[in-house]
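Could you put together the complete structure from these sequences and hints?
Protein chains in written order, with my numbering: chain A, 1 to 113; chain B, 1001 to 1111.
One should not assume that every hint holds.
From the structure, some residues in chain B lie toward chain A, with a derived Cβ separation under 10 Å [claimed, not checked]:
#1 R1001
#2 V1004
#3 P1008
#4 F1011
#5 F1034
#6 E1043
#7 L1046
#8 S1049
#9 L1087
#10 G1092
#11 K1098
#12 L1099
#13 Q1103
#14 K1110
I should point out that these hints are in silico values taken from the structure, not numbers from a laboratory. Computed from a prediction, not measured in an experiment: that's the story for all the values here. The beta carbon of each residue, even a glycine, is placed where N, CA and C say it ideally should be.
Chain by chain, the residues run as shown.
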Amino acid sequence: NAGVTQTPKFQVLKTGQSMTLQCAQDMNHNSMYWYRQDPGMGLRLIYYSASEGTTDKGEVPNGYNVSRLNKREFSLRLESAAPSQTSVYFCASSHGTINYGYTFGSGTRLTVV
Amino acid sequence: RKEVEQDPGPFNVPEGATVAFNCTYSNSASQSFFWYRQDCRKEPKLLMSVYSSGNEDGRFTAQLNRASQYISLLIRDSKLSDSATYLCVVNGIINTGKLIFGQGTTLQVKP
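Below you can see the structure in the form of structure tokens.
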């Protein structure tokens, strides 16, 4: 009954450090997504994976990379963190072409100092 | 023009009031529509889908006007617990499953 699980929930990084945000879903969903949410900007799509083995850029991909490790897992990597990447990051999953909506993880609050 | 536009509010209403939010979308080919609710510092959660004929879920009623490309959400008998941000959501490129989120409308229900 877990749904979408994100780790970690909170993280503080120094400028230039790298880290990977993990996301896993147990609903057998085909598609997975990474969003960031900033005050006044709403949810912005970073990368998505329509199905296992595929990834595509979203609206704001610069500074990020992703890996769709298998059907369950979709990770987001920051290679060299910048203060502009301070944000709340949400992972989501969906069936894919059939639009039943997304299920979101609880988010990762990232601060880059 | 943004793909999905909402009035950010905030809407401040007393308990028991009826409040309505509107949202416009730019892609006339969109076929799937949703309202999500997001509480402060929490993830968005699906409130309800929006169907062409309109649909109701308890105190919540959603309407779709395809000709004018807008979606509405009506909340009757507002409760303190309805205080949240309401996100209007529309599908993006057809058959990709991608959804486009509005920036949200903030509702504050006061005693």
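Unmet hints by their number, sorted upward, for this structure: 1, 4 and 14
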